[in-house]
Amino acid sequence: MRLSEGAATRLRFPLRLKLGSLLSSSETGLKASHFRRPWLAAGLLAPQLLILLFFFFIPTWKALSLAFVQVDPFGATMIFVGLDNFTTLFSSPEYRDSAVLTLWFTTVQCFVTLFVACLFAFATDQVMRGRAIYKGVILFPYAIAPAISGVLWAFLFNPTVGPLAQMLDELGYAWDPNRRPSDALLLVSVAAIWKHVCYDYIFLVAAFLAVPASVIEAGAIDGAGPVRRFLTITLPMAAPTIFFLIVMNFVYGLFETFGIIDVITHGGPAGSTNTLVYKVYQDGFRQLDLGSSAAQSVVLMAIAVLFTVLQFRAVERKVNYQV
Amino acid sequence: MASTYMKSVASLLAAGALLMGAAGASAAERVKIEWWYAISGKLGETVQQLISDFNKSQDKYEVVGTFKGNYEETMAAMVAAYRVNQQPAILQSAERGFMTMLKSGAIIPADELMAKQGYKIDWSDFVKPVAGFYIVNGKPAALPFNSSTPILWYNADAFKAAGFDAPADTWQGLEKQLYALKEKKVTDCPMALPGDFQWSLIENYSAINDQPFGTKANGYGGLDTEFVYNRTSVVGQVARLKKWIDDGVLKIAGQGVAPISLYTSGTCASIINSTASHSAVEADAKFKWSAAVMPHEEGVQPKNSTIGGAALWAIKGKPEEVQAGVAAFFNYVAQPDVQEWWSKATGYVPVTNAAYAKMKLEGYFKDHPTREVAIEQLSRGEPTDNSRGFRFGNHNQSTAILLEEMQAVWTGKKAPQEALDSSVKRGNEILRQYEKLHAGK
Chain A
1 MRLSEGAATR LRFPLRLKLG SLLSSSETGL KASHFRRPWL AAGLLAPQLL
51 ILLFFFFIPT WKALSLAFVQ VDPFGATMIF VGLDNFTTLF SSPEYRDSAV
101 LTLWFTTVQC FVTLFVACLF AFATDQVMRG RAIYKGVILF PYAIAPAISG
151 VLWAFLFNPT VGPLAQMLDE LGYAWDPNRR PSDALLLVSV AAIWKHVCYD
201 YIFLVAAFLA VPASVIEAGA IDGAGPVRRF LTITLPMAAP TIFFLIVMNF
251 VYGLFETFGI IDVITHGGPA GSTNTLVYKV YQDGFRQLDL GSSAAQSVVL
301 MAIAVLFTVL QFRAVERKVN YQV
Chain B
1 MASTYMKSVA SLLAAGALLM GAAGASAAER VKIEWWYAIS GKLGETVQQL
51 ISDFNKSQDK YEVVGTFKGN YEETMAAMVA AYRVNQQPAI LQSAERGFMT
101 MLKSGAIIPA DELMAKQGYK IDWSDFVKPV AGFYIVNGKP AALPFNSSTP
151 ILWYNADAFK AAGFDAPADT WQGLEKQLYA LKEKKVTDCP MALPGDFQWS
201 LIENYSAIND QPFGTKANGY GGLDTEFVYN RTSVVGQVAR LKKWIDDGVL
251 KIAGQGVAPI SLYTSGTCAS IINSTASHSA VEADAKFKWS AAVMPHEEGV
301 QPKNSTIGGA ALWAIKGKPE EVQAGVAAFF NYVAQPDVQE WWSKATGYVP
351 VTNAAYAKMK LEGYFKDHPT REVAIEQLSR GEPTDNSRGF RFGNHNQSTA
401 ILLEEMQAVW TGKKAPQEAL DSSVKRGNEI LRQYEKLHAG K
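Chains A and B are the protein sequences, given in the same order.
Our numbering puts the first residue of the first sequence at 1, with every later residue one more than the last.
Our numbering puts the first residue of the second sequence at 1, with every later residue one more than the last.
Derived from the structure by calculation, the hints contain no laboratory data.
Backbone N, C-alpha and C define an ideal beta-carbon position, used for all residues, glycine too.
Some hints could be false.
What the hints assert, rightly or not - Capping the alpha-carbon separation at 30 Å, the derived lysine-lysine pairs in DSSO-like fashion look like this:
no. : chain 1 : residue 1 : chain 2 : residue 2
1   : B       : 68        : A       : 62
2   : B       : 366       : B       : 103
3   : B       : 414       : B       : 182
4   : B       : 103       : B       : 182
5   : B       : 288       : B       : 160
6   : B       : 288       : B       : 413
7   : B       : 316       : A       : 62
8   : B       : 68        : B       : 32
9   : B       : 413       : B       : 128
10  : B       : 316       : B       : 32
11  : A       : 62        : B       : 318
12  : B       : 358       : B       : 128
13  : B       : 436       : B       : 182
14  : A       : 62        : B       : 414
15  : B       : 413       : A       : 62
As the list claims (entries may be wrong) - Far from chain A by the CB rule (all over 10 Å, computed), these chain B residues:
no. : residue
16  : 75
17  : 156
18  : 163
19  : 369
20  : 376
21  : 428
Claimed, not checked - Label pairs and their calculated CB-CB ranges:
no. : chain 1 : residue 1 : chain 2 : residue 2 : range
22  : B       : 429       : A       : 186       : 31 to 39 Å
23  : B       : 69        : A       : 314       : 19 to 27 Å
24  : B       : 301       : A       : 169       : 40 to 48 Å
25  : B       : 429       : A       : 65        : 21 to 29 Å
26  : A       : 256       : B       : 381       : 47 to 55 Å
27  : B       : 381       : A       : 174       : 38 to 46 Å
28  : A       : 56        : B       : 105       : 39 to 47 Å
29  : A       : 46        : B       : 282       : 37 to 45 Å
30  : A       : 186       : B       : 215       : 50 to 58 Å
31  : B       : 429       : A       : 256       : 29 to 37 Å
32  : B       : 353       : A       : 87        : 32 to 40 Å
Let the hints inform the model, and build the full structure from the sequences given.
As structure tokens, then:
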């Protein structure tokens, strides 16, 4: 700890010298951080601002402006309805079902993904022969597009033609995701987890590698076995990464499982896999109910903002045991 | 040997370059007409054939067809494009989107367009069920293009093996046959549930059995129509389907598998599907296939079924020369010869009397008896308020809701009556919303 602090002060000193010589002596304090040529500054900022403008501010404005009106799909008639879209939304049992489902699905997905990735990452150190193959196999799903993996899962587990579904059938389990919501949800969850385990795995392997060997060796000398060392040394030291992954998994489950759901179940049967994000698409783009869809995306935006705030708060708290 | 080969390659290349140059020149002079369509597979190939035939038939216009996904996806693409003024000149839109398109303010009525561009189309020549659907106050709003109706497809070999010459006329009779197919172990899947079963097994079921689907003559009488199908024999129909599904007599194909492929592959012995399945069945089915009219309830005098499929809409906001091209294309599509070719290639019904008469005269239906099943079913009896068709605003939305509620029945989450009540209630909210937005239009 002391060492790193020393390095930082040593670094900061020459930097300040250099900056000072670059800027004219009359500009000090706050002004010293100003660009003297505002056009250069604007030019450097422009790409990022443009991206934000087109992919964030304009869509946000559109969503907000549509959330308070009822509009025919072609935009010919528009009636201001105030908060009607929101009240209808919150009083609709379908929307509440979708919210509960989304919470359940993202939570389960988040922790199961993390758990499986942890197991694999832990095992990476124990695998001696063919470690590259082992890593390759785990990373493979990440390279497959969500739509393609969705088609594969849907086909493998299709009750009339899918080979794995028929295997389940022969084992005595009447598998049918078209008629049993739990089967559909299970299928979507497994596909979503399978797709995301590799992401968590990469981060965890890196985090586990960063744990100083000396600490682990000390544990080993004191007689702790590999599992004990993993649980009491490696895991706590990787806590910042794990926390980061929990947030990322939630974001993935909430927003990025769209492709898998669209291909495997279309949100069915009877809305049993219709997550909040998928519902925005269903209502807006398939059913052309733009008002309700916009209101739903405003709600989702609020959730996303909440997540961001939570993450920043937690990062400030510094969940960390760095030596 | 090698040198002759090289020579022929060289001359081929030269010829190709010449051809491409020629095509490039003529394409540059031609007015491009964009057409977004929504049918795929064999039918999509036939659409491309139609376009290329039209482009070859004249040198002023070039129709460029783009497949935009299924009907809902194509409609969504259209809506998004229209709002930023990037719409196509022609849109293929399903019968379900009729009201939405009609009152969208985004279309030029077909008769207005044709009259303005100096074409004369005999609108009275369109066959009755088609005209009854697309003609509003004596004027067609869109050009009827691919018109279909659901019919009962069956595997004659399988039915024979179970001791039946043909499927029964009534649902009650058909039920016994399907259960016999299963019990006699002829097949594990007597019937497949079509993806658009709400169209065939609920809407057309209502029409054939003369049951009201909505008030005000199923919406023909005004925007203040309400759904009533939760108070008709549809309730019993849904309960029957649920029972069949539970007993493994009726199978759901599920995502990623086209229900019709369960029939054409021989997995399922029957399916109630569009007559447009002819192109797929004729190409893929390796057994003795056949088709019959849809069953009706015992003791009911069956009525006509209703039209499905789609029409071509001329979209507003295009320059004069493009509109002229759209009219030329519409005129081409409405020709009896083209109609006949299209109907034969796809299985859709001929939409004009002239085309139908021509095919009949040739003896086409003697050689292809199943091609006439849909026409017979469409023109059976005198249409009533319950069987003329459906005019509901935002029918796409209420359909999606009906499908979702039906899935709740299949999963056992809701009883048939409960699901239908909920579907009607939610559907009526959509009708009221539509009424509010389009009052006085």
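Here is how each hint holds up against the structure:
Taken as a hint, the residue 68(B) and residue 62(A) pair is honoured in the structure, with Cα atoms around 24 Å apart against an allowance of 30 Å. At roughly 42 Å between alpha-carbon atoms, residue 366(B) and residue 103(B) are farther apart than 30 Å, so this suggested pair is violated. Between the alpha carbons of residue 414(B) and residue 182(B) the distance comes to roughly 27 Å, so the proposed pair stays at or under 30 Å and holds. Using a Cα cut-off of 30 Å, the hinted pair residue 103(B) and residue 182(B) is violated, with the two alpha carbons roughly 48 Å apart.
A C-alpha spacing of about 10 Å is found between residue 288(B) and residue 160(B), which places the hinted pair at or below 30 Å, so the restraint holds. Taking the CA atoms of residue 288(B) and residue 413(B), the gap is near 39 Å; set against the 30 Å cutoff, the hint is violated. Note on residue 316(B) and residue 62(A): the hinted pairing holds, with a Cα-Cα distance of about 24 Å set against a maximum of 30 Å. Proximity of residue 68(B) to residue 32(B) is assessed by CA-CA distance (about 18 Å); at most 30 Å being required, the pair is judged to hold.
Only pairs whose Cα atoms come within 30 Å are accepted, and residue 413(B) paired with residue 128(B) is rejected, the gap being roughly 41 Å. Proposed proximity of residue 316(B) and residue 32(B) is supported: the alpha carbons are some 15 Å apart, at most 30 Å. Distance hint between residue 62(A) and residue 318(B) is fulfilled; the C-alpha atoms sit about 26 Å from each other, no more than 30 Å. With a CA separation close to 17 Å, the supplied pair residue 358(B) and residue 128(B) stays within the 30 Å bound.
Restraint check: the Cα-Cα separation between residue 436(B) and residue 182(B) comes to about 50 Å, which exceeds 30 Å; the hinted pair is violated. Distance hint between residue 62(A) and residue 414(B) is unfulfilled; the C-alpha atoms sit about 37 Å from each other, more than 30 Å. Pair hint residue 413(B) plus residue 62(A) does not hold up; C-alpha atoms about 37 Å apart against a cutoff of 30 Å. Listed as outside the interface, residue 75(B) is inconsistent with that label: its C-beta sits roughly 7 Å from the nearest C-beta of chain A, within the 10 Å cut-off.
Once the 10 Å rule is applied to beta carbons, residue 156(B) is consistent with being away from chain A; the minimum gap is 22 Å. Residue 163(B), annotated as away from the interface, keeps every beta carbon of chain A farther than 10 Å; the closest lies near 25 Å. Non-interface status of residue 369(B) relative to chain A is upheld: no Cβ of that chain comes within 10 Å, the nearest being about 30 Å off. Annotated as non-interface, residue 376(B) keeps its C-beta farther than 10 Å from every C-beta of chain A; the closest such distance is 32 Å.
Its beta-carbon lying about 14 Å from the closest one in chain A, residue 428(B) satisfies the requirement of being farther than 10 Å from that chain. In this structure the hint that residue 429(B) and residue 186(A) lie 31 to 39 Å apart at CB holds, the actual value being about 33 Å. Between residue 69(B) and residue 314(A), the C-beta spacing of about 42 Å breaks the proposed range 19 to 27 Å. In this structure the hint that residue 301(B) and residue 169(A) lie 40 to 48 Å apart at CB holds, the actual value being about 43 Å.
A C-beta distance of roughly 23 Å is found between residue 429(B) and residue 65(A), which places it inside the suggested range of 21 to 29 Å. Distance hint for residue 256(A) and residue 381(B): a CB-CB separation of about 54 Å, consistent with the stated range 47 to 55 Å. Distance hint check for residue 381(B) and residue 174(A): the Cβ-Cβ separation is about 43 Å, which falls inside the suggested range of 38 to 46 Å. Residue 56(A) and residue 105(B) have their C-beta atoms about 31 Å apart, which leaves the hinted 39 to 47 Å range violated.
Residue 46(A) and residue 282(B) have their C-beta atoms about 59 Å apart, which leaves the hinted 37 to 45 Å range violated. Restraint check, residue 186(A) to residue 215(B): a C-beta distance of roughly 42 Å breaks the suggested window 50 to 58 Å. As the Cβ distance of residue 429(B) to residue 256(A) is approximately 32 Å, the hint placing it in 29 to 37 Å holds. Between residue 353(B) and residue 87(A), the C-beta spacing of about 53 Å breaks the proposed range 32 to 40 Å.
Hint compliance for this structure: hints 2, 4, 6, 9, 13, 14, 15, 16, 23, 28, 29, 30, 32 are not met, and every other hint is.
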